[in-house]
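Enquirer: Since the structure of chain A is provided, determine the placement of chain B on it from the hints.
Here are the chains, one letter per residue:
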Amino acid sequence: MRPKTIHANIRSKQASSSHRAAKDPLQQWFKARGWKPFPYQLETWKAFGENKSGLIHAPTGVGKTYSVWIPALQRWLAQPETLDSKAAPPIQVIWITPLRALANDTVNAMLRPVRDLELPWTVELRTGDTASAMRARQRKLFPSALVTTPESLSLLLSYPETRAKLQSLRTVVVDEWHELLGSKRGVQTELCLAHLRAWLPQLQTWGLSATLGNLDQALNVLVGTHHENAVLISADVKKETVVETLLPKNVAHFPWAGHVGLKLLPEVIQKLEEARTTLLFTNTRSQTEIWFRALQEARPDWSHDIALHHGSVNRELREEVEIRLRAGNIRCVVCTSSLDLGVDFPPVAQVIQVGAPKGVARMLQRAGRSGHRRGAVSRIVCVPAHALELVEFAAVRDAIGRHQLENREPLDRPLDVLAQHLVTLGVAGGFDANEARKEVQNAYSYRHITDEEWQWCMDFVTRGGQALQAYPHFKRVIKRDGLFVVEAPDLARIHRMSIGTITSDSSVLIRVLKGRTLGSTEESFIARIRPGQRFNFAGHKLELVRVRDMVAYVRRAKKTGGAIPQWMGGKMPLSSQLADAVRGKLLEAANNIFRGREMKAARPVLEIQGRWSRIPTPRQLLIERTAMRDGTHHFIFPFAGRLVHEGLAALVAHRIAQTSPSTLSVTVNDYGFGLLGIAPILFLRDEWKKILSPDNLVKDLIECINSTELAKRQFREIARVAGLVFQGYPGQPKTVRQLQASSGLFYDVFARYDPQNLLLHQARREVLERQLEVKRMQKVLEQIAGLELELVETERLTPLSFPLWAAFVQASVSTEKWIDRIVRMAEQLEAAAQKEVCA
Amino acid sequence: MELFAEKAIFWPRKKTLLVADPHFGKASAFRHAGIPVPEDVTAEDLKRLDALLAATRARRMIFLGDFFHAKTGKSIATVESLNQWIANHRDLEFHLIRGNHDIHSGAVPEDWRFHITDNTLCDPPFVFSHAPFFSGEGYVVAGHIHPAVRCGMRLPCFHFGAHCAVLPAFGGFTGTHVIKPEPTDRVFVLNEGEIAELPMLTFRS
Numbered sequence: 094m095r096p097k098t099i100h101a102n103i104r105s106k107q108a109s110s111s112h113r114a115a116k117d118p119l120q121q122w123f124k125a126r127g128w129k130p131f132p133y134q135l136e137t138w139k140a141f142g143e144n145k146s147g148l149i150h151a152p153t154g155v156g157k158t159y160s161v162w163i164p165a166l167q168r169w170l171a172q173p174e175t176l177d178s179k180a181a182p183p184i185q186v187i188w189i190t191p192l193r194a195l196a197n198d199t200v201n202a203m204l205r206p207v208r209d210l211e212l213p214w215t216v217e218l219r220t221g222d223t224a225s226a227m228r229a230r231q232r233k234l235f236p237s238a239l240v241t242t243p244e245s246l247s248l249l250l251s252y253p254e255t256r257a258k259l260q261s262l263r264t265v266v267v268d269e270w271h272e273l274l275g276s277k278r279g280v281q282t283e284l285c286l287a288h289l290r291a292w293l294p295q296l297q298t299w300g301l302s303a304t305l306g307n308l309d310q311a312l313n314v315l316v317g318t319h320h321e322n323a324v325l326i327s328a329d330v331k332k333e334t335v336v337e338t339l340l341p342k343n344v345a346h347f348p349w350a351g352h353v354g355l356k357l358l359p360e361v362i363q364k365l366e367e368a369r370t371t372l373l374f375t376n377t378r379s380q381t382e383i384w385f386r387a388l389q390e391a392r393p394d395w396s397h398d399i400a401l402h403h404g405s406v407n408r409e410l411r412e413e414v415e416i417r418l419r420a421g422n423i424r425c426v427v428c429t430s431s432l433d434l435g436v437d438f439p440p441v442a443q444v445i446q447v448g449a450p451k452g453v454a455r456m457l458q459r460a461g462r463s464g465h466r467r468g469a470v471s472r473i474v475c476v477p478a479h480a481l482e483l484v485e486f487a488a489v490r491d492a493i494g495r496h497q498l499e500n501r502e503p504l505d506r507p508l509d510v511l512a513q514h515l516v517t518l519g520v521a522g523g524f525d526a527n528e529a530r531k532e533v534q535n536a537y538s539y540r541h542i543t544d545e546e547w548q549w550c551m552d553f554v555t556r557g558g559q560a561l562q563a564y565p566h567f568k569r570v571i572k573r574d575g576l577f578v579v580e581a582p583d584l585a586r587i588h589r590m591s592i593g594t595i596t597s598d599s600s601v602l603i604r605v606l607k608g609r610t611l612g613s614t615e616e617s618f619i620a621r622i623r624p625g626q627r628f629n630f631a632g633h634k635l636e637l638v639r640v641r642d643m644v645a646y647v648r649r650a651k652k653t654g655g656a657i658p659q660w661m662g663g664k665m666p667l668s669s670q671l672a673d674a675v676r677g678k679l680l681e682a683a684n685n686i687f688r689g690r691e692m693k694a695a696r697p698v699l700e701i702q703g704r705w706s707r708i709p710t711p712r713q714l715l716i717e718r719t720a721m722r723d724g725t726h727h728f729i730f731p732f733a734g735r736l737v738h739e740g741l742a743a744l745v746a747h748r749i750a751q752t753s754p755s756t757l758s759v760t761v762n763d764y765g766f767g768l769l770g771i772a773p774i775l776f777l778r779d780e781w782k783k784i785l786s787p788d789n790l791v792k793d794l795i796e797c798i799n800s801t802e803l804a805k806r807q808f809r810e811i812a813r814v815a816g817l818v819f820q821g822y823p824g825q826p827k828t829v830r831q832l833q834a835s836s837g838l839f840y841d842v843f844a845r846y847d848p849q850n851l852l853l854h855q856a857r858r859e860v861l862e863r864q865l866e867v868k869r870m871q872k873v874l875e876q877i878a879g880l881e882l883e884l885v886e887t888e889r890l891t892p893l894s895f896p897l898w899a900a901f902v903q904a905s906v907s908t909e910k911w912i913d914r915i916v917r918m919a920e921q922l923e924a925a926a927q928k929e930v931c932a
Numbered sequence: 002m003e004l005f006a007e008k009a010i011f012w013p014r015k016k017t018l019l020v021a022d023p024h025f026g027k028a029s030a031f032r033h034a035g036i037p038v039p040e041d042v043t044a045e046d047l048k049r050l051d052a053l054l055a056a057t058r059a060r061r062m063i064f065l066g067d068f069f070h071a072k073t074g075k076s077i078a079t080v081e082s083l084n085q086w087i088a089n090h091r092d093l094e095f096h097l098i099r100g101n102h103d104i105h106s107g108a109v110p111e112d113w114r115f116h117i118t119d120n121t122l123c124d125p126p127f128v129f130s131h132a133p134f135f136s137g138e139g140y141v142v143a144g145h146i147h148p149a150v151r152c153g154m155r156l157p158c159f160h161f162g163a164h165c166a167v168l169p170a171f172g173g174f175t176g177t178h179v180i181k182p183e184p185t186d187r188v189f190v191l192n193e194g195e196i197a198e199l200p201m202l203t204f205r206s
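Protein chains in written order, with my numbering: chain A, 94 to 932; chain B, 2 to 206.
Just chain A, with the same shape it has in the complex:
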């Protein structure tokens, strides 16, 4: 594998400044590879040497790994006592990576200078996949550097002997920090770091991140609240990104709606022919399956030259694909965000994005997978599925140009993660409540934790819940000699097994009858498939035989066709940065400015939008009202992303129903939402203002959304993390099976007998904040209050409203019929548009 770093022709301003470059074997090693350090690397080496902590942000492929690994080795070499040392040094570095898939490559990259310079360091991996014998050995004798995941680190901290073994630890590195930030695994990492800092006050923390909108905050979260003079280092390595869009030959007939863009298959195939190795990104796993199948059917001769890679595909199969990618002997890998992260595959010559980009940072990250050589250009080819996606692609290019990137918001004190952490501390030999609280408040996410919340968490792990009376005989964490400990070995064992469960939805393994495991998928997906039904998974055509003990047994299906798996995760909402850029593009269009190929291609459709209705500008809120045979429909276009629209639609429907009782359906997408089938009421401007008012938002929202259903769903994750739901393991004894209950059951029982339970509050809060983005909703409604309302009566569906109507039909009509109906309507609309053009 080619090292993920830079080449000789780089001119660096301060390459040999005040450093003792000549004498330093590591700098020599660096030079011997024909590399010269980037300025940001030198800056990092210096700050590292001064024992500072910090966050480095840089695009992929510019040597972030070595920017912290080299100085860690340097520091050790500089110690006089190490000169003649032949023994492996005791642990110096813990390297946290969010993805197991990255860990191997990281270890290899770290080992390279160690081997070349014959340093006695040991570098080892410890993840959920590491054999248990190896893990046991590691607990006795830690390597000099340990590469691990947040879960495995948390697990490691649950062993009482770990503290003594980590006395020599000097540095923790968190790789891909932007991926962890904003997730519960990130919070888990924060708590682990806070715990390590309590043991080792001198510990330095370094984070490696892609560029974000809120880097200062990302740094603060990483180093915790008591840290001063941590540094933010920017790798000012300009990388040019070219966004190119594929257009069909006949632009006039660009479809109004559609979601997979398969119309452009021939053009995509042509692109694949031109490049040696291509990554084809889609937005959802189901689109991955669809595209993989389409490519295989179109080019049977490539069947061994195309592969599939997404989060549900079995690890071994994924690794196979990664090895082939690295070797460059594969034409195309169809993938999702599973390949967004981390290690580079230098042979990748081209990146294709199918479907709307949804976010600026994400687009940059994906583009960055190609053109790794210094000075090379990152190139991303976009495949729009319909006309409006063209606008989104044009917008993303603008946003990249203006460097408008999204923020990653850190989570605010999730109590389930804290409860889990407290039990971990209890398992690890016990904790003092006051010290633990101080330590926990060192983690950014819990810096504002209240006495009440803290006490509730303590009660939860010691007594089961707030109401002492309601939980007799409960014991998990108990107080012994002033320390809170977990004494029962079986409780400790069960807790350790559940530590790794923060990550994902309850997953079901997919296994061929008497054959190998193909991967895993969410339980909710398998639950919708009946035995005997066919589906596609990981590029195989399968038929479900039965589901038992979280394993779905399948056999290969002979016939093709069948449902395409619809996984979750397809609902990546439009980011507000990109939404703003899209509105900017629409403003240009409203002013009759069509710059660039995409906007020119979208022009006919946008002009129809303008003629039949309006092209909304950022100063206006467009509301279309269309009377059709199936009812009178209203379409509102705030351009705020689908999560916000989901909340808004529910809110608006609720407020309308209060004034005029009626049943109505709502549909949403990233641009707006539709209220379908209302009695033909004509709302006036003032009424709309009231309906869209930001006042009483939270109160109305809680009243109107099926908050119970949503909260119940959100509670699944919380129940798992807080240790209520135990997933069990193969061959478990009966006693364990008797302890299994679904999170829904827990939710019901809590709601009924302990309604003050803070985990329920957390579930509701997470629904409001994470699923409905209530803060963004508030902001959007406040903006709307200042906008001009454009109420337009349209004769037919418009390019903006058509997709919302189609979603409505899809939800209300049986599967076979909806496609027909939508296709027919699209034909009619396009024909009407054509006629106008001709006339």
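These aren't lab readings, by the way, just hints derived from the structure by calculation. Be careful, since some hints might not be right.
[Said to hold, decoys possible] No farther apart than 27 Å at their CA atoms in a straight line, the calculated lysine-lysine pairs in the DSSO-like style are these:
no. : chain 1 : residue 1 : chain 2 : residue 2
1   : A       : K356      : A       : K693
2   : B       : K181      : A       : K634
3   : A       : K258      : A       : K179
4   : A       : K568      : B       : K15
5   : A       : K572      : A       : K607
6   : A       : K693      : A       : K342
These numbers were taken from a predicted model, which means no experiment stands behind them.
Expert: Then chain B, alone, in the frame of chain A:
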């Protein structure tokens, strides 16, 4: 036979109340293992039984198995509330058909004077059993499955098949298993104290 939304069946001719899968002590088995579940579940279940007995004036009760959830769940508090409840209903004749959970939960206290069987209880035209099966001796009434159907949401139900009826699990802290009824079956769903027969059209696909 009368069906109750409180998850029980009353057989008027024999003044018999049928209840399946109460799983008493499940909450305390969880607490014993360090998983917090509120205790009031048991009290509430017993209250519901009281109400059923009062409404039906039953003379006989048949538990169709899984009376106890697990050995670790027979905490002093749970057993004490059951003692008390049994004492309040001395005039009743109790039958328990032991289910898979009962077998691992140890004996039922002798002074409860339960009539216990490990197999089935034949009382023509019915055969009472823990697990559903086909019997030549009569129509089987059983538990074990914890049946539920999906109709918008997951709701517990009574399921009447051609040869066998299955009761919903009685216990307030029990899960459900989604069943796929035949078009000729009858299904009665329970929701918030209401009971309703589901038109079988729902399952035609």
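Enquirer: The structure should be examined with respect to each hint, and the outcome stated for every one.
Expert: How the hints compare with the structure:
no. : hint            : result
1   : A:K356 / A:K693 : 19 Å, holds
2   : B:K181 / A:K634 : 25 Å, holds
3   : A:K258 / A:K179 : 20 Å, holds
4   : A:K568 / B:K15  : 45 Å, violated
5   : A:K572 / A:K607 : 49 Å, violated
6   : A:K693 / A:K342 : 13 Å, holds
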